[in-house]
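All chains should be modelled from the sequences, with the hints used to inform the complete structure.
Single-letter residue listing:
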Amino acid sequence: MNCDEIVIMIMSGPDDGREIRLCRAEGDGHVGTDGMWILLLGRRDDCDISIPFDTQISRRHAMLRVSPDGQLWLSDVGSLNGTFIETERVVEPTSLRCGQFFRLGRTWFRVQSIEGEGA
Amino acid sequence: MVTLLEILTLAQRESAHQHHFFIGVEHLFLALTYIKDGLASAALVQEGVSARFVRYNIRETVGRYENHRYWLGFPETPRAAIVLDVARHHIAEGIEPERALLLAILDEGDSVVTRVLDELEVDIEALRRTILKPDAVPVLQRPPIPVHNTIELDPRKVQVLQAMFCDYEQVEVLRELDGGYGAAQVLLVRPVRSDRHPEPLVVVKLNDRRSVLHERRRYDLHVRHILPPHAARLLDAPTVPDGTPYGGLKYSCPLPDVGEVVSLEELALQLRVDDVSHLIRGLFDKFGPTWWQQHQPYQFGVWREYEHVLPPALVVEALPHARLGATGRRLTPGDKWSRDNWVSPGEMVALHHFVVQKLDVEHDVLALAAGLQSQAVNRASKVEVRGLGLEPGFIDRGEVMEELIGRVVNTREGLLWDAVLSLTPPFAPDVDVIPSGDARVPDLPNPIKALSHLLERQVSGYLSTIHGDMHVRNVLVGQRNEPCLIDFAQAREGHVLFDWALLEVSLLVYVVARFAPSGWDGAWQIVAALQALNQGGEVPFDRVSKEVGQALSMIQTVREVVRRCLYEENFWTEYDIALILLALRTLRWQTVSQDGRRVAFLMAGLALQAVHERGERSSSTPNPLRAPD
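Chains A and B, in that order, give the protein sequences. Going by the working numbering, the first residue of the first sequence is number 1, and it counts up by one from there. Going by the working numbering, the first residue of the second sequence is number 1, and it counts up by one from there.
Worth double-checking, as some hints may not be accurate.
To be verified - So these bits of chain B aren't anywhere near chain A, every CB distance computed over 12 Å: (1) Glu-26; (2) His-222; (3) Ala-350; (4) Gly-549.
Claimed, not checked - Per label pair, the in silico range of CB-to-CB distance: (5) A/Glu-26 x B/Arg-323: 20 to 28 Å; (6) B/His-278 x A/Glu-115: 55 to 63 Å; (7) A/Val-7 x B/Arg-281: 52 to 60 Å; (8) A/Thr-87 x B/Leu-235: 54 to 62 Å; (9) B/Glu-125 x A/His-30: 44 to 52 Å; (10) B/Ala-439 x A/Glu-88: 36 to 44 Å; (11) A/Ile-85 x B/Val-361: 40 to 48 Å; (12) B/Ile-226 x A/Gln-100: 16 to 24 Å; (13) B/Glu-119 x A/Val-7: 32 to 40 Å; (14) B/Ile-395 x A/Gly-70: 47 to 55 Å; (15) B/Gly-109 x A/Cys-98: 15 to 23 Å; (16) A/Thr-87 x B/His-19: 53 to 61 Å; (17) B/Gly-109 x A/Gly-70: 24 to 32 Å; (18) A/Pro-52 x B/Asp-123: 34 to 42 Å.
Rather than coming from a laboratory, the hints here were simulated on the basis of the structure. Glycine is no exception: its CB is placed at the ideal position from the N, C-alpha and C atoms.
Laid out in structure tokens, this is it:
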């Protein structure tokens with residue numbers, strides 16, 4: 001299978017409840033040389049997931065990498081206030097499961113689903 | 001009947017107050033709890049939590065935003081829009097707006113509100129059933145129960161006890177365990193049922209309302225999930241009744257009967273050395289596996305863990321209309337200025353982006369620091385501001401002060417020197433070297449002079465959950481000499497040795513100092529004996545009274561535990577630094593006797609001397625590791 005659609009929900013703040021659907025086939029994010037699908041999260045509006053209203057989020061804050069078999073890895077890209085999976089600070093790329101909460105600045109997120117195109 | 005529009009207006013007010021300026025499900029829920037005699041508050045009480053307690057936790061979870069609006073009006077979040085849709089649907093079917101909105105919030109089930117209720121262990125299904133009852137829950141107004149007390153209690157605190165034990169026929173306050181300073185009081189209480197069946201004793205802590213809510217939250221975040229069986233637990237939700245500035249927490253622990261020893265302090269003062277040693281070892285064995293034995297390597301700047309225990313870095317007289325001249329300094333939290341001493345009295349400073357920790361309207365004192373979250377680092381860079389002309393509602397705890405200009409009137413060193421001066425020392429408090437008062441001890445370096453150097457040091461240690469305030473009055477003696485801990489207001493992830501160094505310091509100032517001759521000579525005598533202990537020897541019974549010797553042997557037990565927690569085998573500098581800073585802290589503790597403080601000051605000097613002798617590093621170089629955020 002080739003994983004190419006991910007749904008993330010914002011779980012707090014002014015966008016609480018907003019679902020963000022990203023699709024590889026539609027050109028969201030970019031694909032690394034190792035075949036990982038890479039999504040950038042931050043305050044800047046050219047991030048794949050952009051959260052403009054949270055001043056505690058850095059312009060480029062965190063990176064979500066999706067492996068072809070649907071494994072998720074979250075890493076911090078030198079943010080000021082850190083990236084957290086539940087209460088644990090992310091210091092190196094950390095595995096993230098569907099349904100788990102993670103936080104950038106003061107904004108909480110949750111991966112809703114991740115789907116592939118089939119074999 | 002309250003209309004949906006009225007609820008939305010309340011929600012906007014709440015949102016504006018928190019500088020959010022949008023309407024989320026949390027604001028809708030908070031609005032519902034504000035309705036006088038409303039359904040939400042009544043239903044929450046039915047489930048054993050007060051609206052005030054739930055509000056506090058929702059607010060702490062969401063946090064206050066900086067005062068900056070990105071949009072006009074109060075847009076609804078996507079989640080609030082869905083909830084309001086469902087509520088309007090219910091209203092169209094004839095359900096009253098309050099009930100309709102509450103049901104919609106609970107049924108949506110995915111908002112901050114339901115997450116917080118879950119965290120507080122509120123049974124959401126039961127809450128929903130209560131809300132559905134047609135004649136929902138008028139809160140029973142029972143007559144206040146009698147409180148029999150042998151100690152003097154503020155009537156507003158009695159009110160808290162009455163609310164806390166309203167299901168009982170009466171309550172007896174047996175004695176005070178710790179008067180502490182400020183508003184806090186720890187009491188030993190026996191509730192009595194109508195059938196006169198004896199109930200187990202409980203420990204009650206009364207304090208100002210916010211501190212009570214804060215302590216419970218710390219407990220929920222850091223302690224609840226990792227308490228070993230039979231440790232003291234917080235029973236029930238905190239009691240924070242209307243009409244009194246106080247609140248209360250109820251700890252359960254299996255205590256022996258009245259008349260018995262209750263705290264480690266009392267046990268130690270009776271010089272029951274074997275029992276004390278048994279208790280201290282038991283404490284480590286019982287809580288250790290989930291607390292101090294987690295052994296996560298941790299390299300940190302000393303200030304991150306210990307600066308907050310010291311007096312404020314600066315005391316500033318506010319000059320609201322003044323301007324900062326060319327020579328004035330701009331200070332932000334977390335910077336070096338609070339550790340080195342280059343800001344002096346008389347200088348003008350501008351404080352930027354400090355967070356309000358505490359405000360004391362009565363004495364017109366505002367306490368500022370770096371932040372509010374539970375880590376010690378957030379309470380570093382403390383500044384005390386006077387002369388603002390504080391009035392209630394002027395500013396809230398947690399608010400960020402954008403800029404505040406004033407003149408420095410005192411510094412941390414100055415405050416500590418004043419504290420030493422009040423102990424009538426035979427030397428000037430700001431000497432570099434404290435001339436020895438005992439032939440067996442060399443002159444000691446002045447620990448106050450070394451503060452900035454110590455705070456800047458990097459230390460390798462371990463990180464774990466710590467109690468954060470484990471002095472001899474917070475360790476209780478349960479049945480069969482089982483240790484129990486109370487007072488979780490400072491619980492956090494932190495340096496493992498913090499707890500044990502505080503235990504040693506408190507044994508020294510509350511217990512050992514009590515048995516030595518009064519005055520500086522007695523203090524030197526204790527320090528001479530401690531020196532022998534530090535050098536790996538036994539308690540020198542030939543040089544001190546039998547009582548002092550016995551008391552010191554309890555400290556030896558603490559050291560046994562510490563030995564097992566050192567990062568590098570037999571390299572005690574990590575511990576000595578903790579001792580120095582925690583000992584200096586007690587110089588300003590109101591509950592410590594003058595003799596206790598004299599011992600603390602000299603002991604800090606002795607520990608500093610040991611740090612100097614050992615040098616900067618031992619053999620191995622540990623891996624640099626992350627600090628907790």
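Quick rundown of the hints versus the structure:
1. With 12 Å as the threshold on Cβ separation, the claim that B/Glu-26 sits away from chain A is violated: the shortest Cβ distance comes to roughly 8 Å.
2. Its beta-carbon lying about 10 Å from the closest one in chain A, B/His-222 breaks the requirement of being farther than 12 Å from that chain.
3. A cut-off of 12 Å between C-beta atoms confirms that B/Ala-350 is not in contact with chain A; the least separation is 21 Å.
4. Under the 12 Å C-beta cut-off, the non-interface status given to B/Gly-549 relative to chain A holds; the minimum distance is some 46 Å.
5. Between A/Glu-26 and B/Arg-323 the CB atoms are about 56 Å apart, so this pair departs from the stated range of 20 to 28 Å.
6. Our hint of 55 to 63 Å for B/His-278 and A/Glu-115 holds, since their Cβ atoms are close to 60 Å apart.
7. Between A/Val-7 and B/Arg-281 the C-beta distance comes to about 53 Å, which sits within the given range of 52 to 60 Å.
8. Range check, A/Thr-87 to B/Leu-235: Cβ separation about 25 Å, and the 54 to 62 Å hint is violated.
9. Evaluation of the 44 to 52 Å hint for B/Glu-125 and A/His-30 yields a pass: the beta carbon distance comes to about 45 Å.
10. The hinted window of 36 to 44 Å between B/Ala-439 and A/Glu-88 is violated, with their beta carbons roughly 54 Å apart.
11. Taking the beta carbon of each, A/Ile-85 and B/Val-361 are about 41 Å apart, inside 40 to 48 Å as hinted.
12. Roughly 21 Å separates the CB atoms of B/Ile-226 and A/Gln-100, a value that falls within the hinted 16 to 24 Å.
13. Distance hint check for B/Glu-119 and A/Val-7: the Cβ-Cβ separation is about 25 Å, which falls outside the suggested range of 32 to 40 Å.
14. For B/Ile-395 and A/Gly-70, the Cβ-Cβ distance of about 49 Å falls inside the hinted range of 47 to 55 Å, so the restraint holds.
15. One distance hint, 15 to 23 Å for the beta-carbon pair B/Gly-109 and A/Cys-98, holds here, with the actual separation near 18 Å.
16. For the hinted restraint 53 to 61 Å between A/Thr-87 and B/His-19, the CB-CB distance of approximately 25 Å leaves it violated.
17. A C-beta distance of roughly 26 Å is found between B/Gly-109 and A/Gly-70, which places it inside the suggested range of 24 to 32 Å.
18. Between A/Pro-52 and B/Asp-123 the beta carbon distance is about 38 Å. The supplied range of 34 to 42 Å therefore holds.
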